[in-house]
Amino acid sequence: MKTRILVGLISMLMVLLPDSAFARQYKNVIVMIPDGMSVTSVTLTRWYRGGAPLNMDGLLCGQVRTHNADSLIGDSAPAATAMATGFKSHTGYISMLPEENTMPGLKPLRPQDRQTPVATVLEAARLKGMSTGLVVTCEVMHATPAAFASHDISRKNYDSLSEQEVFAGMDVVFGGGYKYFTPEGRKDGQDMISEMKSLGYQVITGPSEMDSLKKSKVFGLFAPVAMAYDMDRDPQKEPSLAQMTKKAIDILSGNPKGFFLMVEGSKIDWAAHANDPVGIISDMQAFDKAVEAALHFARKDGNTAILIMSDHGNSGISIGDETTSKDYDKRQLGDLLDVIKKAENTGEGVEAKLQGASDDATVTGTVCSSYGICDLSGEEISKIKDCLKNKGELNTVLGPMMGARSIIGFTTFGHTGEDVNLYAYAPGGVKPSGVIDNTDIAKITAGYLGVDLAKTTKRLFTDADTLFSGKGVETGTDATDPLNPVFVASKGGREIRIEANRSYATVKGKRISLEGPAIYNQGRWFVPEKAAGLLVGK
862 MKTRILVGLI SMLMVLLPDS AFARQYKNVI VMIPDGMSVT SVTLTRWYRG GAPLNMDGLL
922 CGQVRTHNAD SLIGDSAPAA TAMATGFKSH TGYISMLPEE NTMPGLKPLR PQDRQTPVAT
982 VLEAARLKGM STGLVVTCEV MHATPAAFAS HDISRKNYDS LSEQEVFAGM DVVFGGGYKY
1042 FTPEGRKDGQ DMISEMKSLG YQVITGPSEM DSLKKSKVFG LFAPVAMAYD MDRDPQKEPS
1102 LAQMTKKAID ILSGNPKGFF LMVEGSKIDW AAHANDPVGI ISDMQAFDKA VEAALHFARK
1162 DGNTAILIMS DHGNSGISIG DETTSKDYDK RQLGDLLDVI KKAENTGEGV EAKLQGASDD
1222 ATVTGTVCSS YGICDLSGEE ISKIKDCLKN KGELNTVLGP MMGARSIIGF TTFGHTGEDV
1282 NLYAYAPGGV KPSGVIDNTD IAKITAGYLG VDLAKTTKRL FTDADTLFSG KGVETGTDAT
1342 DPLNPVFVAS KGGREIRIEA NRSYATVKGK RISLEGPAIY NQGRWFVPEK AAGLLVGK
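Each residue of the sequence shown is one higher than the one before, starting from 862 at the first, in our numbering.
The set of hints was computed from the structure by calculation and includes no laboratory data.
For glycine and all other residues, C-beta sits at the position ideal for the given N, C-alpha and C.
One thing to keep in mind: the hints can contain errors.
Cβ pair distances, simulated, as ranges [said to hold, decoys possible]: (1) Arg1160 - Glu1335: 56 to 62 Å; (2) Ala1213 - Glu1070: 21 to 27 Å; (3) Gly1163 - Glu1070: 29 to 35 Å; (4) Ala1265 - Lys1316: 51 to 57 Å; (5) Asp1052 - Gly912: 50 to 56 Å; (6) Val1296 - Thr1223: 47 to 53 Å; (7) Thr963 - Thr1338: 29 to 35 Å; (8) Gly1353 - His1157: 56 to 62 Å.
Taking lysine-lysine pairs in the DSSO-like style, the calculated list, with each CA pair at most 27 Å apart, reads [to be verified]: (9) Lys1316 - Lys888; (10) Lys1332 - Lys1391; (11) Lys1391 - Lys1058; (12) Lys1332 - Lys1369.
Make the full structure from the sequences, and use the hints.
The structure is reproduced here in structure tokens:
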């Protein structure tokens, strides 16, 4: 009887207490996101490798739901927001709450919470004294990495997102997007490269510089925009995702308080959008090598947890298409891979080789030698040439041609709404299991890190009107430069100025460090609580 009562009490507590109350804390946490990876992408890559298991296969433990706050099929921005903050959001929003929650099971938002910033696990880890980093193959201010280190209602606002990343206090940032930190690549004309250097960052652009790095704060920007697909990559110009992951871990692990690192296989998603199976395989393999690098460290370290999951499905990829409807059980591995195995480049890589080409012979010869398709029809040649004239995305033309010569089916060039695989490594702890929500990823990560996201949000993103209300402080916005608004607060002849996206206040010409960047959204300012102490005391 007593045993049954005790079991009942424990069961009640497990319902009442948050998951994080039962999570073992780890010194280090690595979150890895193969963007746009569908389950079929894993199966296809495994067969491409001759059936050899992927490094992440043995870590499979569940699935993740991926919908937005207000729609069935997820976008990378709100999906990454959910995994970074624990909150659902709207398409395009970067770690900002949506205007409304309309999907089943979600609580309505209070009016004052709409379009407000919420703290990320990376920001919470940094405030705890841990080192933090991002490793990606897209631009470092693209949707997924941005959602871990910045806040905006538009994933397209690269000026704002990149500026926040510079002032986010991270230790390591590796990826593409160099041009968006230069005056020429920005609408606001600011020189973020100079700002990085003034903040003590080493800015590097090549793998040799990365190899020689010692323990330091660094932005490694290895391409003007996105980095190449791994199959197309020049190793003299760009490091692999695995190399970047290993170097980031080497640097971050020097902090005795631990680290948080997010790694994204960014262009798995881009290849899926193009329906290019070669691109999918290329960057799936590159991602799995990065998983291998992370696992090698984690197993040796013994105090590192790893969570791996896609943000959403993409393309509706399947092994089997309409041509296999009647003989699917007779098809062999060669039907799937014979042509794909001949490819040496992705569709994007072929396009780079064909720049300036206009004759049929060059087109057919290059596609045959580089992409493995040697039987192009006249119609297909015309489509390729038209794409080259318009400087379009040739992978969206070549990809479906490859699919047609294999038995790979695609249903869309967009995202899809199915659940995605969840993988985890949690030494000595309990791995998540079953079907969970993408918001649970942030909660599990916060539990592993031993941080409180709600308290971090209050500490970093208090509404400025609320912060200074009733304290005799006058507040306003200096919009002399509309692309660079400034929050102004004054009392008793003392004035503080805080530029949007920057983590310091200016008082009498002197910079005073705050704990995070100020966020400006449609007339509302959100600033760190520390700002109040500069005018009204503690």
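Quick rundown of the hints versus the structure:
{"no.": "1", "hint": "Arg1160 - Glu1335: 56 to 62 Å", "verdict": "holds (57 Å)"}
{"no.": "2", "hint": "Ala1213 - Glu1070: 21 to 27 Å", "verdict": "holds (24 Å)"}
{"no.": "3", "hint": "Gly1163 - Glu1070: 29 to 35 Å", "verdict": "holds (31 Å)"}
{"no.": "4", "hint": "Ala1265 - Lys1316: 51 to 57 Å", "verdict": "holds (54 Å)"}
{"no.": "5", "hint": "Asp1052 - Gly912: 50 to 56 Å", "verdict": "holds (51 Å)"}
{"no.": "6", "hint": "Val1296 - Thr1223: 47 to 53 Å", "verdict": "holds (50 Å)"}
{"no.": "7", "hint": "Thr963 - Thr1338: 29 to 35 Å", "verdict": "holds (32 Å)"}
{"no.": "8", "hint": "Gly1353 - His1157: 56 to 62 Å", "verdict": "holds (58 Å)"}
{"no.": "9", "hint": "Lys1316 - Lys888", "verdict": "holds (20 Å)"}
{"no.": "10", "hint": "Lys1332 - Lys1391", "verdict": "holds (15 Å)"}
{"no.": "11", "hint": "Lys1391 - Lys1058", "verdict": "holds (25 Å)"}
{"no.": "12", "hint": "Lys1332 - Lys1369", "verdict": "holds (21 Å)"}
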